[in-house]
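Starting from the structure of chain A, add chains B and C where the hints point.
Residue numbers (this note's numbering), protein chains in the order written: chain A, 1 to 329; chain B, 1 to 329; chain C, 1 to 329.
Note that these hints are calculated values from the structure, not bench results. All residues carry an ideal CB built from backbone N, CA and C; glycine is no exception. Each hint should be verified, as a subset may be incorrect.
Unchecked claim - Derived DSSO-like pairs: lysine-lysine, alpha-carbon spacing no greater than 27 angstroms straight-line:
#1 C:K308 to A:K27
#2 C:K280 to C:K308
#3 B:K279 to B:K241
#4 B:K57 to A:K61
#5 B:K61 to A:K61
#6 C:K61 to A:K57
#7 C:K61 to C:K27
Stated by the list, open to error - Far from chain A, by Cβ distances over 10 angstroms, these chain C residues were calculated:
#8 K27
#9 K173
#10 E262
Claimed, not checked - With the C-beta cut set under 7 angstroms, the calculated list includes, among others, these residues of chain B facing chain A:
#11 R116
#12 V117
#13 Y121
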Amino acid sequence: MNEFWRVKSFNYDSIVVMEEMCHMSLKGKDIISIRDLTRNEIEHIMEVAVTMEPLMKTGSKILGGKILACLFFEPSTRTRLSFESAMDRLGGSCIGISEPRTSSIEKGESLEDTIRVVENYADAIVLRHPSEEAIRLAAECASIPVINGGSGAEEHPTQTILDLYTMKREMGKIDGLNIALLGDLKYGRTVHSLACALAHYYVNLYLVSPEPLAMPRQIIKEISGRIHVIETCDIEEIIPKVNILYVTRIQKERFTNLNDYERVKGAYRLTLQAIINAKKDMIIMHPLPRIDEISPEIDDSPHARYFKEVWYGVAARMALLSLIFGTIE
Amino acid sequence: MNEFWRVKSFNYDSIVVMEEMCHMSLKGKDIISIRDLTRNEIEHIMEVAVTMEPLMKTGSKILGGKILACLFFEPSTRTRLSFESAMDRLGGSCIGISEPRTSSIEKGESLEDTIRVVENYADAIVLRHPSEEAIRLAAECASIPVINGGSGAEEHPTQTILDLYTMKREMGKIDGLNIALLGDLKYGRTVHSLACALAHYYVNLYLVSPEPLAMPRQIIKEISGRIHVIETCDIEEIIPKVNILYVTRIQKERFTNLNDYERVKGAYRLTLQAIINAKKDMIIMHPLPRIDEISPEIDDSPHARYFKEVWYGVAARMALLSLIFGTIE
Amino acid sequence: MNEFWRVKSFNYDSIVVMEEMCHMSLKGKDIISIRDLTRNEIEHIMEVAVTMEPLMKTGSKILGGKILACLFFEPSTRTRLSFESAMDRLGGSCIGISEPRTSSIEKGESLEDTIRVVENYADAIVLRHPSEEAIRLAAECASIPVINGGSGAEEHPTQTILDLYTMKREMGKIDGLNIALLGDLKYGRTVHSLACALAHYYVNLYLVSPEPLAMPRQIIKEISGRIHVIETCDIEEIIPKVNILYVTRIQKERFTNLNDYERVKGAYRLTLQAIINAKKDMIIMHPLPRIDEISPEIDDSPHARYFKEVWYGVAARMALLSLIFGTIE
Numbered sequence: 001m002n003e004f005w006r007v008k009s010f011n012y013d014s015i016v017v018m019e020e021m022c023h024m025s026l027k028g029k030d031i032i033s034i035r036d037l038t039r040n041e042i043e044h045i046m047e048v049a050v051t052m053e054p055l056m057k058t059g060s061k062i063l064g065g066k067i068l069a070c071l072f073f074e075p076s077t078r079t080r081l082s083f084e085s086a087m088d089r090l091g092g093s094c095i096g097i098s099e100p101r102t103s104s105i106e107k108g109e110s111l112e113d114t115i116r117v118v119e120n121y122a123d124a125i126v127l128r129h130p131s132e133e134a135i136r137l138a139a140e141c142a143s144i145p146v147i148n149g150g151s152g153a154e155e156h157p158t159q160t161i162l163d164l165y166t167m168k169r170e171m172g173k174i175d176g177l178n179i180a181l182l183g184d185l186k187y188g189r190t191v192h193s194l195a196c197a198l199a200h201y202y203v204n205l206y207l208v209s210p211e212p213l214a215m216p217r218q219i220i221k222e223i224s225g226r227i228h229v230i231e232t233c234d235i236e237e238i239i240p241k242v243n244i245l246y247v248t249r250i251q252k253e254r255f256t257n258l259n260d261y262e263r264v265k266g267a268y269r270l271t272l273q274a275i276i277n278a279k280k281d282m283i284i285m286h287p288l289p290r291i292d293e294i295s296p297e298i299d300d301s302p303h304a305r306y307f308k309e310v311w312y313g314v315a316a317r318m319a320l321l322s323l324i325f326g327t328i329e
Numbered sequence: 001m002n003e004f005w006r007v008k009s010f011n012y013d014s015i016v017v018m019e020e021m022c023h024m025s026l027k028g029k030d031i032i033s034i035r036d037l038t039r040n041e042i043e044h045i046m047e048v049a050v051t052m053e054p055l056m057k058t059g060s061k062i063l064g065g066k067i068l069a070c071l072f073f074e075p076s077t078r079t080r081l082s083f084e085s086a087m088d089r090l091g092g093s094c095i096g097i098s099e100p101r102t103s104s105i106e107k108g109e110s111l112e113d114t115i116r117v118v119e120n121y122a123d124a125i126v127l128r129h130p131s132e133e134a135i136r137l138a139a140e141c142a143s144i145p146v147i148n149g150g151s152g153a154e155e156h157p158t159q160t161i162l163d164l165y166t167m168k169r170e171m172g173k174i175d176g177l178n179i180a181l182l183g184d185l186k187y188g189r190t191v192h193s194l195a196c197a198l199a200h201y202y203v204n205l206y207l208v209s210p211e212p213l214a215m216p217r218q219i220i221k222e223i224s225g226r227i228h229v230i231e232t233c234d235i236e237e238i239i240p241k242v243n244i245l246y247v248t249r250i251q252k253e254r255f256t257n258l259n260d261y262e263r264v265k266g267a268y269r270l271t272l273q274a275i276i277n278a279k280k281d282m283i284i285m286h287p288l289p290r291i292d293e294i295s296p297e298i299d300d301s302p303h304a305r306y307f308k309e310v311w312y313g314v315a316a317r318m319a320l321l322s323l324i325f326g327t328i329e
Numbered sequence: 001m002n003e004f005w006r007v008k009s010f011n012y013d014s015i016v017v018m019e020e021m022c023h024m025s026l027k028g029k030d031i032i033s034i035r036d037l038t039r040n041e042i043e044h045i046m047e048v049a050v051t052m053e054p055l056m057k058t059g060s061k062i063l064g065g066k067i068l069a070c071l072f073f074e075p076s077t078r079t080r081l082s083f084e085s086a087m088d089r090l091g092g093s094c095i096g097i098s099e100p101r102t103s104s105i106e107k108g109e110s111l112e113d114t115i116r117v118v119e120n121y122a123d124a125i126v127l128r129h130p131s132e133e134a135i136r137l138a139a140e141c142a143s144i145p146v147i148n149g150g151s152g153a154e155e156h157p158t159q160t161i162l163d164l165y166t167m168k169r170e171m172g173k174i175d176g177l178n179i180a181l182l183g184d185l186k187y188g189r190t191v192h193s194l195a196c197a198l199a200h201y202y203v204n205l206y207l208v209s210p211e212p213l214a215m216p217r218q219i220i221k222e223i224s225g226r227i228h229v230i231e232t233c234d235i236e237e238i239i240p241k242v243n244i245l246y247v248t249r250i251q252k253e254r255f256t257n258l259n260d261y262e263r264v265k266g267a268y269r270l271t272l273q274a275i276i277n278a279k280k281d282m283i284i285m286h287p288l289p290r291i292d293e294i295s296p297e298i299d300d301s302p303h304a305r306y307f308k309e310v311w312y313g314v315a316a317r318m319a320l321l322s323l324i325f326g327t328i329e
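Just chain A, same shape as in the assembly (with noise of 0.2 angstroms):
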């Protein structure tokens, strides 16, 4: 571990950095997959969420006149009221649809159609979809920003986003430290994208699930030239060594065998025994909605970040927003 170390910490140039982000804007891009963002793109949406956190009390009008359509053709709360609370404190607004049933979709409209319309109405839009595939499409054939909210168990770039500010402003870095994805890694849409955004930096990355629901060999495949992958099963072994600990729930209704299920839940649950030997600074986040996979007794400790992570969250789409606009640069 040690010599892995060695091998790639280096003195960051900070400096390199910020002559790159010189000549970088996000106005008017996609952002489909986190694979889409170099690393100093997210680092620059980081640094301008910073200056986000005090708008969030003040509120502003950075974004006045401006309108944000949320489409959403799979449920969300928390993805959708991030994103409106985000245009609402920057002093912009927000229209959309959160109920296919209700809406032309159903008279049989083509996705591209339905973009081709709503760009009229608005300024960006998040577009939520089975299909990761069917946004990509959807920002082809649109004039304006079109932001994945969500698509299938494949991507959710903004969590990845509010994953990694979370991670920064917590720790104060992300070069540098363990961290552990925990739990159900082979249809968890966020641990796919966090894992990709990871491999940006000098992280040694522990992927901890039940066999079954190991992350896709693509994706490891994808990031383990770049930064250092420990995949196992064991939790236990991986606590004391870890700076943060990401959770995600697993689903009943992946197992075939109910038994193998009971089994695997009651090892992943987390417990304040079951943490008893972290570190003391050791964070633990959640995508959430948590159902039983992190006992609420753990929700007052030192440790849990999973609330957190929604404020930072809000932040983070503060600065994806005003960079997407072009009203900061």
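Here is chains B and C on its own, set in the frame of chain A:
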């Protein structure tokens, strides 16, 4: 009756009230039950409401940058729209869910978790929920104020504030009035909250209902030590006596015997003929929606105030919100 | 045809129009049917709409503090979003219901009562309802302006205003044009309103439909005394003649014989091949949603205007709202 007034009515010392109010602040306060508010607090909200009325025409920026989250786990039109209108008139904005079906609630998230998420998106929460217990729990775990937007058959405190405000504005005062609550006093949440609030005032309270729909005993017990309460089934007798007739709907499904329902329904239906002996300035109120318990012929009579009540409701909610947000002292 | 123009077309005296308009105000006016608007009023809305177009980019505060209530008792995406976008661009806000299921309507409240409640929350109402009768009734009992947002198969006046505005902006004028309405002219509410409105102009109106879907006789009767109306089933013949082709959808469920439907559907489907003999500057319009009556290959041709129409729609609604609210004269 005269004796009653000789004992109870005295010159209410407004100077003392004003002094007490200087030490009183509603900033950050939860509004779960009307019982949580003192007479002074209610009076203060009503005083502020008067100053809000002109802003309903002109708009204002008093709550610019503030966000109200409206979480309605039971259907609502008027309460939700009234809060949204109040926020919009004050320059604030609203986010929310009105369809639990399309939200994370469906995924099995607890109410506490939902609240701890939403508190990051907004500055206050209006919550409608079948159980008052749940709303109180939500208020306890929230770091921002929680307002009860109607809890099952129990409470609807902001409706009560607007009911009182309508009385005050239309009659010039509440002390000294004869007020009748009419209809279903057993299951109607608005009359429960209202009866408790009226116990702060020097009123004669007539409770007029069919016997099976009488006011619950514990509420009678709670208020009868403080104000004069007269229970009766006889509408005709009380009509000439009262200054205010507060009508509620009698629902068919409350009766096991359909004949009983039909008889009661006929007897409790207000028509112009039924109120022919009313005082000239008697006013009729109703929390709405009205089905057929008030004949439409009354709508244009000088007695009708049930639609004006809706208008006062916006001013009352504007006042409450401004006070809770601390923008007005 | 030449003779027709010799008789009807004369130099329209714009000075007279301007003078008439000085005495005309739309402030507080209900917009139930396009028949309620004079040519002068329509022209005035369109003139104001031109001044609104730049505000679609910059935003404005023209309707700051104003609230529009959107009550949709039938599904809608584009009309609702278009009005919301228009209000947001002008600094106003929207409240509303799009799901009658979750509202008091379910509790049996009458439409009149709903309107008398909602008028206290807003400054104007957009109402979509199956029956024009109901919308007219709503307008009568409301103290604030009511705008028809689409009434069953009958009327959709704001769609007509935007249709006319698209024609005016794209062709520079409406007088003197050859305009074809194509498709289902029997059940389509947009073509009924549009035909009536075009009777204010000096146009040749081609009504092109399969026989069972011909324009209702009473509309023909209403307009044929004022403009030249030509009914035909032959698309091919009219394509080279017209300046504007206004296409509507032909719905399967209108046919008892499926073979009839298939034959008609094929004949009325627009392709690049089908419009090969069109005038070079002929434009194709469509109220949307489009299913397959216009081949997507036309979307990128210089003839397509159906998505641009959506854009003009926001400007037209901004103008209408500003005039009705009295913020612009």
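Pairwise hint evaluation, K241 (chain B) against K279 (chain B), where the allowed Cα distance is 27 angstroms at most:
holds (7 angstroms)
Hey, does the R116 (chain B) contact hint survive, CB to chain A under 7 angstroms?
At 5 angstroms from the nearest chain A Cβ, R116 (chain B) passes the 7 angstroms test, so the hint holds.
Taking C-beta pairs only, is K27 (chain C) more than 10 angstroms away from all of chain A?
Answer for K27 (chain C): holds, closest chain A Cβ roughly 25 angstroms.
Given Y121 (chain B) as an interface hint, is its Cβ closer than 7 angstroms to any Cβ of chain A?
holds (4 angstroms)
Pairwise hint evaluation, K57 (chain A) against K61 (chain C), where the allowed Cα distance is 27 angstroms at most:
holds (23 angstroms)
Assertion that K173 (chain C) lies outside the chain A interface [Cβ separation over 10 angstroms]
holds (24 angstroms)
Are the Cα atoms of K57 (chain B) and K61 (chain A) separated by 27 angstroms or less?
holds (23 angstroms)
Hint consistency between K61 (chain C) and K27 (chain C) [alpha-carbon to alpha-carbon, up to 27 angstroms]
Roughly 18 angstroms between the alpha carbons, so the hint for K61 (chain C) and K27 (chain C) holds.
Are the Cα atoms of K280 (chain C) and K308 (chain C) separated by 27 angstroms or less?
At roughly 18 angstroms apart (the allowed maximum being 27 angstroms), K308 (chain C) and K280 (chain C) satisfy the hint.
Please settle this one: E262 (chain C) was flagged as non-interface, so is its CB more than 10 angstroms from every CB on chain A?
E262 (chain C) is indeed farther than 10 angstroms from all Cβ atoms of chain A, at 17 angstroms.
Would you mind confirming whether the straight-line C-alpha gap from K61 (chain B) to K61 (chain A) stays at or under 27 angstroms?
Between K61 (chain B) and K61 (chain A) the Cα gap is close to 13 angstroms, so the pair holds against 27 angstroms.
Are V117 (chain B) and chain A close enough, Cβ to Cβ, to be under 7 angstroms, as the hint says?
Interface hint status for V117 (chain B): holds (5 angstroms vs cutoff 7 angstroms).
The structure fails none of the hints (numbered hints given earlier).
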